[in-house]
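Chains as they are written, first to last, in this note's numbering: chain Y, 1 to 236; chain V, 1 to 265.
Some hints could be false.
[Unchecked claim] Partial selection, computed: residues in chain V whose CB lies under 8 Å from chain Y:
#1 124
#2 140
#3 141
#4 143
#5 148
#6 150
By construction, these hints were calculated from the structure, which means they are not laboratory data.
In this text, all values refer to a predicted model and were calculated from it rather than measured experimentally.
Just so it is clear, CB atoms sit at the ideal spot from N, CA and C, and this is done for glycine as well.
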Amino acid sequence: MTVEPILDIKQLTVRFPDKVVLDRLDFQLYPGEMISLIGANGAGKTTLIRAVLHQVKPVHGTIETHPLHETRQLKIGYVPQFRNIDHDFPLSIASFVGLNRLGHHWPFYTKQEHQNLKHALACTYLTDLAQTRLGSASGGEKQRAYLAQALVDDPDLLILDESTASLDVQAKNELMALVQELNHNEQLTVVFITHDLELAARYTTKYYLLEDGKLSSGASADLNQSLIREKVRGAI
Amino acid sequence: MFALVFMRNAYLASTFIALTCGVIGVFVVARNLSFLSHTLSEIGFAGAAFGVFSGLSALNGMLIFTSLSSLIVGALGVEKSRREATISAVSSLFIGLGILFLSLSSKNASYATNILFGSIVGISFDEVKQLIILSALVMLFVLMMWRSLVFDSFDSVGAASQNIHRDLISIIFLILLAFAVSIGAQIVGSLLVFILLTLPAASAQYLGRTVPQLLMIAIGISLIGVWLGLYLGYVTNWPVTFFIASIEVLIYLLAILYSRLVQRS
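Make a model of the complete structure from these sequences and hints.
The structure is reproduced here in structure tokens:
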């Protein structure tokens, strides 16, 4: 039996007034994969993700999502690239993580929602820091809180947009090890948008290079070969 | 003190004002709308002058003007970068209109002072009833869009990555803010209503860590300000607004001091 992709993009074309950002692009993502999406600044990585999130309208092509569970649509958790959380941000980490619960409008949370919050904090090793103010947390802790906020909605697919960019080497590796753990333990499918080829090679199985509106792909391990790494680095 | 009808009315009105301004204020501070709330206060003055000139009440005039300008600000530029210039333009127009209406109406200068600086003797029970209804309406709307409003206010980037109607939330909130300004101005006056909309919530940011905590603290600080202010005004015969402003500023400074001490230890 063949496995169905959870995300199936065919001939996707997105145009901005001044240029074609995505040009008849094809892309399939299978359940349980952990891939990296690489490309130069402005190559259209975030645009591709925004199209998947229905925030950008394509001029051509289709984006199909296939649910993993019979009872619900495919859920996508997105961790955006920039966050405007400064030092005097008042909320605790638990409160911040809990912001992403839009199932109802009323203030009070259900039992299930409380459980999801606990689980998201535990998965990201934030349980002990739950009552710490997010504003005074370290860069790595903040990124984990952003990740936990996406997880609290119990997504099937997690998209990380340059989440490691502002972190030091140790914090980068800790965050990626955590995401890898989620990929293994929670069967979470992961798309990691990055410029960091070392991280892509170490933590993902496959890379996709976005260049001139098209995708090319290869095994992430190949990024360790100097010839391929230099070629990819030249493109980004 | 409570034997006097106008004091009973003033206490009842100011309690609902403190509740409304405390709740809306938390979102004003989180959404960085302090400048707009200041401007809406000035616009409220124009609205009240229009209300008097046209024979509507001052409160109704305020509601019309502040809601209208909120809609204009919302339509012209919800994005932050464009917002401040838009607000300045809108406020200039409305303050000009306020001065015009005030000079056209037959009311004397002391009436203008009442609108600007507030008055506790002027509130009738009917007006108190209207304030309570408006205040309940504001609370109901906040409750109805609670989760989206909280998410968008405290983490606009995160909320933007979810498909929620951010523009709609923003515009509804601006109208709720306009209502809160109009309600609050009835006691503290239009010039200083932004105090109740910003300082208690700004103080709460130093003290609370969850949204319900921020709300409770902001409401508490607002209530202390208006209740104590009314009492001191009654005892000394000095303007209530002076006391409310001083109390809120004092609490704000103490909150900053407290947070510095906590950080150091």
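Does the structure break any of the earlier hints, and which numbers would those be?
-> Structure breaks hints 1, 2, 3.
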